[in-house]
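Listed in order, the protein sequences are those of chains A and H.
Going by full-length UniProt numbering, the residue at position 22 of the first sequence is 22; the numbering climbs one at a time, nothing skipped.
Going by full-length UniProt numbering, the residue at position 81 of the second sequence is 81; the numbering climbs one at a time, nothing skipped.
No lab work stands behind these hints, which were simulated from the structure alone.
In this text the structure is predicted, and so the values were computed from the model without any measurement.
Here a beta-carbon is modelled for each residue, glycine too, at the ideal position from N, C-alpha and C.
Worth double-checking, as some hints may not be accurate.
A few chain H residues facing chain A, derived, Cβ under 10 angstroms [what the hints assert, rightly or not]:
(1) G46
(2) Q50
(3) L54
(4) G55
(5) D58
(6) V193
(7) R230
(8) A236
(9) W239
(10) V250
(11) M279
(12) G291
Protein chains: 2
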Amino acid sequence: MENSPPFPSIDVLAIVGVGLIGGSFAAALRKAGRVKRVLGVGRRPGPLAQARRLGLIDEAVSLEEAAGQADVILLASPVGSMPALFRGLVPHLRESTLLTDAGSTKADVVKAAYEALGERVGQFVPGHPIAGAEKTGPESAEAGLYEGRHVVLTPLPENSAVMRQQLTQLWEAVGARVVLMDPESHDRALASVSHLPHFLASVFMEQVAACADADLRLGLAGTGFRDFTRVAAGSAEMWRDIFMANREAVLRELKDFRVTLDEAESALRDEDAQKLYDMLERAALARRFWGSRSGLS
Amino acid sequence: MENSPPFPSIDVLAIVGVGLIGGSFAAALRKAGRVKRVLGVGRRPGPLAQARRLGLIDEAVSLEEAAGQADVILLASPVGSMPALFRGLVPHLRESTLLTDAGSTKADVVKAAYEALGERVGQFVPGHPIAGAEKTGPESAEAGLYEGRHVVLTPLPENSAVMRQQLTQLWEAVGARVVLMDPESHDRALASVSHLPHFLASVFMEQVAACADADLRLGLAGTGFRDFTRVAAGSAEMWRDIFMANREAVLRELKDFRVTLDEAESALRDEDAQKLYDMLERAALARRFWGSRSGLS
């Protein structure tokens with residue numbers, strides 16, 4: 001078993017949630033010639049019909065049908081829906097099926113998997129593709145989304161080496177770079193570089209939009225505002241789930257952020273131009289260095 | 001005088017500060033065929049030489065020479081440098097010269113202009129082109145920078161209608177949309193939609209970069225992080241000056257932001273998923289609406 005060959009191609013892939021993340025995974029595997037048939041599962045008929053029109057999926061099916069037919073299943077819906085999905089899948093899941101997810105938090109998804117899947121948990125390899133999430137719906141899916149992006153896998157001790165390897169190969173086939181971590185490290189890091197910025201951007205957007213003179217302000221907003229607030233346009237449902245799932249880590253990051261904010265505010269209040277300059281310069285150097293290394297900027 | 005024709009073309013334009021803002025203004029006017037000769041003034045020889053190599057300016061001159069030769073002078077250097085520039089210009093300024101600036105704050109620049117220019121203050125029409133500032137230096141200048149962007153003018157009672165009109169025409173010639181406001185309204189609005197986001201992005205970048213495990217975190221940062229922190233790469237000198245000049249308005253906005261932040265944090269701490277969802281949804285709708293109207297997103 002450990003020496004099984006890699007997937008030459010997936011016969012049947014099922015995508016649960018046919019939005020940006022799931023739709024792009026299907027489109028990318030199709031483009032790479034790595035999948036024969038794609039099933040789509042979703043709560044609402046509209047996006048499923050659109051995913052079919054766009055050629056992202058071949059057929060819309062129920063969760064039970066997907067569990068009984070698919071070789072690989074990707075759960076790409078908000079993390080709050082994972083427990084119910086695991087419970088719905090497990091009675092129908094074929095023994096050879098590789099189950100994975102694209103949830104933005106990992107500790108809670110892993111916990112839900114152990115609870116619902118029991119001795120079948122070895123079939124579930126948790127994952128998180130780190131790719132843009134401010135766009136939603138099948139129409140935002142694109143085959144190139146994962147090109148050069150990181151995908152974190154947080155394998156379970158119950159996963160076989162071959163399953164880990166197969167999933168790694170799938171993500172690499174769509175251009176992603178796979179990183180292995182434990183769920184807690186993943187959640188702490190993501191609370192810092194993804195969840196907290198989203199929280200701050202949403203709070204800021206809410207504050208500006210609630211002002212009596214919001215129209216005047218927003219009329220003068222430029223590209224800096226555009227970039228800073230872009231993530232705040234993302235799905236409220238998805239992000240509510242992320243914040244609830246990763247609550248403690250986000251609160252911890254927010255606490256640390258407030259310490260730095262207090263210092264910067266004091267410098268400004270005290271007219272300490274040098275201290276302010278030093279902070280801005282450290283931030284600018286760090287951001288430029290990250291930009292030059294990440295390939296994202 | 002009030003019926004003078006618009007500038008058919010500027011014979012001599014002087015740019016004080018040959019970076020993104022000044023360099024782009026020169027490049028755009030040149031491309032529009034609205035300027036014959038461009039003089040550049042700067043503190044350091046390197047950028048001036050590069051601006052010349054790039055064809056942004058024809059000659060590097062002293063502030064005094066610019067004052068004595070230019071028909072139009074744009075001050076495009078950090079706002080903290082404006083008082084000294086006004087003092088340096090005034091003894092040599094020709095009576096017909098139109099002086100303007102691109103400073104990101106207006107009340108402090110207007111105050112400095114009254115103090116230094118005295119009865120010549122009518123020659124100074126304050127302005128602020130709202131255009132990206134995370135890139136710096138002559139190499140970032142581009143003729144298309146002002147296409148479709150807002151330029152705020154905060155004219156003084158001493159400005160003649162024809163001067164206001166001429167400056168408006170110049171900005172419109174490079175594709176900008178001119179908005180007239182008073183300096184205080186400008187500074188309040190910009191504190192909200194430009195200065196506070198920059199402050200928060202810099203504080204956040206500083207906090208992440210100072211973590212013991214910053215490399216791990218930054219390695220997992222994606223496009224959301226990239227967009228949220230982009231402004232933090234901007235010039236520390238320029239932004240220190242902006243924060244110091246618009247200190248009170250920024251502190252006021254920060255106070256309002258903290259009220260909304262406290263509420264959101266409480267909702268998260270109390271696991272009030274509905275309240276969190278409502279906040280995220282209001283922010284998402286406001287951001288999407290702004291995006292669809294601003295032409296920037």
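Comparing the hints with the structure gives:
Violation of the interface hint for G46/H is found here, the shortest Cβ-Cβ separation to chain A being roughly 18 angstroms, above the 10 angstroms cut-off. The closest approach between the C-beta of Q50/H and any C-beta of chain A is roughly 19 angstroms, which is over the 10 angstroms cut-off, so the hint fails. Taking 10 angstroms as the C-beta cut-off, the interface hint given for L54/H is violated, the closest approach to chain A being about 21 angstroms. At about 25 angstroms, the closest approach between the beta carbon of G55/H and any beta carbon in chain A exceeds 10 angstroms, and the interface hint on this residue is violated.
Given the 10 angstroms rule on beta carbons, the hint for D58/H is violated: about 29 angstroms separates it from the nearest Cβ of chain A. The beta carbon of V193/H is positioned within 10 angstroms of a beta carbon in chain A (closest approach about 4 angstroms), and the interface hint is therefore held. Restraint check, R230/H versus chain A: the minimum CB separation of about 5 angstroms is within 10 angstroms; hint holds. The beta carbon of A236/H comes within 4 angstroms of a beta carbon in chain A, closer than 10 angstroms, and the hint placing it at the interface holds.
Annotation: interface hint on W239/H holds; nearest CB of chain A at approximately 5 angstroms, less than 10 angstroms. With its C-beta approaching chain A no nearer than about 7 angstroms, V250/H sits inside the 10 angstroms limit, and its interface hint holds. With its C-beta approaching chain A no nearer than about 6 angstroms, M279/H sits inside the 10 angstroms limit, and its interface hint holds. Look at G291/H: its Cβ gets to within about 6 angstroms of chain A, closer than 10 angstroms, so that hint holds up.
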